[in-house]
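Undergrad: Which chain is which? The protein sequence lines are W and B, in order.
According to this note's numbering, the first sequence is numbered sequentially starting from 1.
According to this note's numbering, the second sequence is numbered sequentially starting from 106.
Hints were generated in silico from the structure; no laboratory data involved.
Certain hints may be false.
To be verified - Simulated crosslink set (DSSO-like; lysine-lysine; CA at most 27 Å straight-line):
#1 K15/W x K212/B
#2 K83/W x K131/B
#3 K83/W x K234/B
#4 K34/W x K228/B
#5 K65/W x K212/B
#6 K228/B x K83/W
#7 K2/W x K201/B
#8 K74/W x K115/B
#9 K90/W x K228/B
#10 K2/W x K234/B
#11 K83/W x K212/B
#12 K74/W x K193/B
As the list claims (entries may be wrong) - Which stretches of chain W does chain B cover? Using the computed rule of at least three CB atoms under 8 Å from a CB of chain B, they are:
#13 77-83
#14 90-99
In this text, a Cβ means the ideal position worked out from N, Cα and C, and glycines have one as well.
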Amino acid sequence: MKVAITSIGNSLESKLDQRFGRCGFFIIYDTETKGMEFIPNPNKDAQEGAGPASVQLVASRNVQKIISGEFGIKIKSLLDSLKIQMIVFKEPEKTIQEIINMLNN
Amino acid sequence: MSPRPLRLRKISNPPIISGFKPYGNKKSECKPGIVFLQIEEYEALRLCDYNMFNHHQASETMDISRPTLTRIYARARQKIAEALVLGKQIIIEGGKIYFDSEWFSCKACGCYFNNPDKQEEIKVCPLCKSTNFSNYEPIHEEPEESLTRCNNICICPACGFEQPHRFGFPCKEEICPKCRSNMVRKWTPHSRDF
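Using the sequences plus the hints, can you model the full thing?
TA: Right, dumping it as structure tokens:
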């Protein structure tokens with residue numbers, strides 16, 4: 001199962017980005033193969049519509065869960081209709097490595 | 106004048122199929138048509154007839170008014186009856202809707218998560234695998250809070266004592282704690298002298 005995590009930087013030591021649409025990087029983590037993919041977010045500096053565009057990007061990788069600090073109002077109904085689970089994790093100090101360790105427990 | 110915009114109907118369980126087809130047409134010469142059942146009409150039918158909610162409960166689930174729910178429900182029954190009687194195909198699509206799902210909060214790691222797939226029940230927290238989680242009601246009071254927050258000040262006309270205005274309590278009914286006289290709203294005509 002694939003999980004998307006929003007990250008500020010492109011390493012395992014970077015912290016969880018508290019925004020979804022305008023986060024720095026998406027990390028697609030596969031819980032079965034333990035493989036991961038770092039995708040720079042092209043919508044980072046978008047004026048508007050960053051959320052739906054990011055949803056499209058993440059949905060094209062067939063993820064089933066998204067971990068982020070916050071999801072905007074437009075995204076919630078969009079992800080509900082795509083049946084992607086949202087996990088709101090309001091801990092800005094957690095690193096990507098710590099979150100992946102939590103998922104593997 | 107354009108009509109008032111429709112209120113978005115909340116759909117908690119989208120249909121698992123996209124329609125129905127009739128079979129075994131006895132009169133082959135009659136041409137069957139298509140009935141478009143809106144998703145909001147399907148949802149009203151599901152709540153009222155499948156879940157056996159009354160219209161009031163169903164309207165609260167869909168976040169619309171009771172008369173609106175009754176109108177949607179009447180339309181749904183009319184369309185389904187039409188499809189059954191005339192042997193028409195039913196296609197479920199469209200409607201002014203948004204999707205919503207149940208939210209949970211985990212006590213162990215402090216995260217919030219939703220259940221996008223209604224068919225499966227959530228047993229463990231998706232992040233930390235703890236079973237210590239509970240239903241979480243997104244606080245609907247947030248917009249209300251911004252309404253109740255106001256920067257007005259009640260002022261005492263007798264001694265000039267000021268206090269922040271409390272929402273829902275008229276200034277003239279507030280009693281000055283210093284001199285026990287009725288207060289007035291600051292920066293209004295009847296308080297301009299003070």
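Undergrad: Can you list which hints this structure breaks, lowest number first?
TA: 2, 7 and 12
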